[in-house]
Amino acid sequence: MEGEGEEQTSIWNKETVPKVMKIVSTRLAQRDLISLLLLSPWIHRTLISYPSLWLSIDLREMNNAGDRLIAALSLPRYQHVKQISLEFAQDIDDDHLEVIKSKCLGSLQDLESLNLNGCQKISDKGIEAITSCCLKLKVFSIYWNVRAADEGVKHLVKNCKYIVDLNFSGCKHLSDKSLQLVADNYPELESLNLTRCVKMTDSGLQQVFVKCSFLQSLNLYALSSFTDEAYKKISVLSHLKFLDLCGAQNLSDDGLSCIAKCKKLVSLNLTCLFGIVGVTDKCLEALSKSCANTMTTLDVNGCIGIKRRSRDDLLKLFPYLRCFKVHS
Amino acid sequence: MGSTSTKIKLRTSDQKVFEVEKAVAVQSQTIKYIYENGCPDSVIHVHSVSGDILSKILDYCKKHVNSAAGKEDISPEELYEWDANFVKVDQNTLFDLILAANCLKIESLLDLTCQTVANMIKGKRPEEIRTTFNIKNDYTIEAEEAVRRENKWAFDMLGGVGTMVIEELADDTMSKCVTNAKSRVCVIAANQIVMMRSISKLANKKSIDVYKQPQNPTTPRIKESVKQINVGTGFIELFFHFKCKM
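Here the protein sequences line up with chains V and W, keeping their order. Here my numbering is used: the first residue of the first sequence is 1315, the next is one more, and so on. Here my numbering is used: the first residue of the second sequence is 3, the next is one more, and so on.
The following block holds chain V by itself, in its conformation from the complex (with noise of 0.2 Å):
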């Protein structure tokens, strides 16, 4: 009988247990997958042996962030980890990326996306560490980096060919030579976050519009300096679905007309604080011809010069609007 019940523990704890840890795992978050491993060898053995379930690192708002990368970096079963999260971590800077670069190079070869937001340490330097390692990056996000400047994105485009989403929201510090670099680099280029990169001009984004005619999604708030010599060239990106120009105070009419000219828009913010007051009601009209049937977000606070903006009237020019925001 004893005999029974122990052989019955031992399937339960060597067999069954693991099993189902392993189908559950999967719809665990970080820290209870890693609990897991602590249980007992049995579930170890089982859960290391499936490389699927060991493809991302979140070490999001988690402080001494870079000893954390580290660690987690040089143990074996994130060889090939595709997903990299540092969003809002603390106390990680270019030495943690030097030692990275020099201890861990092997397990960044299949990363594909890197997120740095809020890590503000790090500078061109350690983005030059770290991109030098991850020459498989689709995704690189740096939000809020006031460091990063044009020699960061050289070393990126150097070495990093297949980018296709960049995020490069509030890196104040980067020009037109950035725009260039991403230009001459990146065709392939689907999304592109410019976000209160206040150096950049219309040639600066303009060569991009020329040269990444496969952007889906292009987002431009708060930078009030370009004119409708670049946004009239937003035209020629056929495939953009969604675009946010709230602050775009240059734009008018001429410029819209030409931007209604992508056919596949979805999403449309021209959302001004100080009013985009070029912006009438005949571009609307325009862009109802075009994009009638994708059209679901358009944002018009602040286009002063809509007068025909109630929710009905934006619904008889766009019937699929789904998301309206109208406030005057």
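The set of hints was computed from the structure by calculation and includes no laboratory data. Certain hints may be false.
For lysine-lysine, the following BS3-like pairs were computed, each having C-alpha atoms within a straight-line distance of at most 30 Å [said to hold, decoys possible]:
(1) V:K1336 to W:K154
(2) V:K1577 to V:K1555
(3) W:K9 to V:K1328
(4) W:K126 to V:K1396
(5) V:K1336 to W:K124
(6) V:K1452 to V:K1578
(7) W:K11 to V:K1333
(8) W:K90 to V:K1333
(9) V:K1336 to W:K9
(10) V:K1396 to W:K18
(11) V:K1513 to V:K1546
(12) V:K1513 to V:K1468
(13) V:K1328 to W:K126
(14) W:K154 to V:K1415
(15) V:K1525 to V:K1486
(16) W:K34 to W:K126
(17) W:K18 to W:K90
(18) V:K1333 to W:K58
(19) V:K1439 to W:K154
(20) W:K107 to V:K1336
(21) V:K1336 to W:K34
(22) V:K1333 to W:K138
(23) V:K1336 to W:K73
(24) V:K1578 to V:K1546
Position chain W relative to chain V; hints supplied.
Okay, now just chain W, sitting in the frame of chain V:
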């Protein structure tokens, strides 16, 4: 020739045979595939599922098929509640349901059962998870120490920046942990006298919190007092004495 009245025969691992409406049976992608690619009249063997478990699974599938087809008058909220009650079973059954739903490829059932278990795991410490699921800790002390150490990076320190949690570790390890801790050290020990040696960095610690680990993992930890006994040359010995209250 109504396809809704077609029946499929299923034989379980314990040789029970179930005759099931096709619409219900093909909720399982596995059964659907076998049925569509084999002889429609033959019995389908579901080797890894017992009669009891299959019976429950068929209840689930029938309920969901009928509600989707409008055959049963049940609101989404009522169905949700039915599902919630469905998973109120003992652990053995719950785990068997997961394994069977996985093998039979019934996605909604797999989601339901896995989420139930996931909710039982979320936020718990390893000891608590072991208790919940009756998992034996087969680790040797050294092996467990090693696994904890190599995964330490994934866990937030208890109580905020600079606090380290040490649980039932050997003296050597504890002294290493204490020298690395920034300002506070929490020691969780279960009803035993823990002796800890550390180098004099410990003297710079602002405070030392000691938590006694209760036997019931859901009870909040109780703070005990620290007695600092000896301050030797470069060594501080600390004794923590706990009363066996729980």
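Going down the list of hints, with the structure as the test:
1. Proposed proximity of K1336 of chain V and K154 of chain W is supported: the alpha carbons are some 21 Å apart, at most 30 Å.
2. A threshold of 30 Å between alpha carbons decides the hint, and for K1577 of chain V with K1555 of chain V the separation of about 8 Å falls inside it, so the pair holds.
3. Distance check on the hinted pair: K9 of chain W and K1328 of chain V sit about 38 Å apart at the alpha-carbon level, beyond 30 Å; violated.
4. Restraint check for K126 of chain W and K1396 of chain V: the C-alpha separation of about 27 Å stays at or below 30 Å, so the hint holds.
5. For the given pair, K1336 of chain V sits about 15 Å from K124 of chain W by alpha-carbon distance, which is consistent with the 30 Å threshold.
6. Between K1452 of chain V and K1578 of chain V the alpha-carbon distance is near 24 Å, which keeps this suggested pair within the 30 Å criterion.
7. A distance of roughly 28 Å separates the Cα atoms of K11 of chain W and K1333 of chain V; the hinted pair therefore holds under the 30 Å criterion.
8. Straight-line distance between C-alpha atoms of K90 of chain W and K1333 of chain V comes to about 21 Å, which keeps the hinted pair within the 30 Å bound.
9. The hinted pair formed by K1336 of chain V and K9 of chain W fails the criterion: a straight-line CA distance of about 34 Å is larger than 30 Å.
10. For the proposed pair K1396 of chain V and K18 of chain W, the alpha carbon gap of about 46 Å is over 30 Å, so the pair is violated.
11. For the proposed pair K1513 of chain V and K1546 of chain V, the alpha carbon gap of about 20 Å is at most 30 Å, so the pair holds.
12. About 17 Å separates the Cα atoms of K1513 of chain V and K1468 of chain V, which keeps this hinted pair within 30 Å; it holds.
13. Restraint check for K1328 of chain V and K126 of chain W: the C-alpha separation of about 21 Å stays at or below 30 Å, so the hint holds.
14. Taking the CA atoms of K154 of chain W and K1415 of chain V, the gap is about 22 Å. The hint holds against a cut of 30 Å.
15. Only pairs whose Cα atoms come within 30 Å are accepted, and K1525 of chain V paired with K1486 of chain V is accepted, the gap being roughly 23 Å.
16. Restraint check for K34 of chain W and K126 of chain W: not satisfied, since their Cα atoms lie roughly 38 Å apart, outside the 30 Å limit.
17. Taken as a hint, the K18 of chain W and K90 of chain W pair is honoured in the structure, with Cα atoms around 24 Å apart against an allowance of 30 Å.
18. Taking the CA atoms of K1333 of chain V and K58 of chain W, the gap is about 21 Å. The hint holds against a cut of 30 Å.
19. Distance check on the hinted pair: K1439 of chain V and K154 of chain W sit about 28 Å apart at the alpha-carbon level, within 30 Å; holds.
20. Between the alpha carbons of K107 of chain W and K1336 of chain V the distance comes to roughly 15 Å, so the proposed pair stays at or under 30 Å and holds.
21. Pair hint K1336 of chain V plus K34 of chain W holds up; C-alpha atoms about 25 Å apart against a cutoff of 30 Å.
22. A distance of roughly 15 Å separates the Cα atoms of K1333 of chain V and K138 of chain W; the hinted pair therefore holds under the 30 Å criterion.
23. Annotation: proposed proximity of K1336 of chain V to K73 of chain W is violated, straight-line Cα distance about 36 Å (limit 30 Å).
24. For the given pair, K1578 of chain V sits about 16 Å from K1546 of chain V by alpha-carbon distance, which is consistent with the 30 Å threshold.
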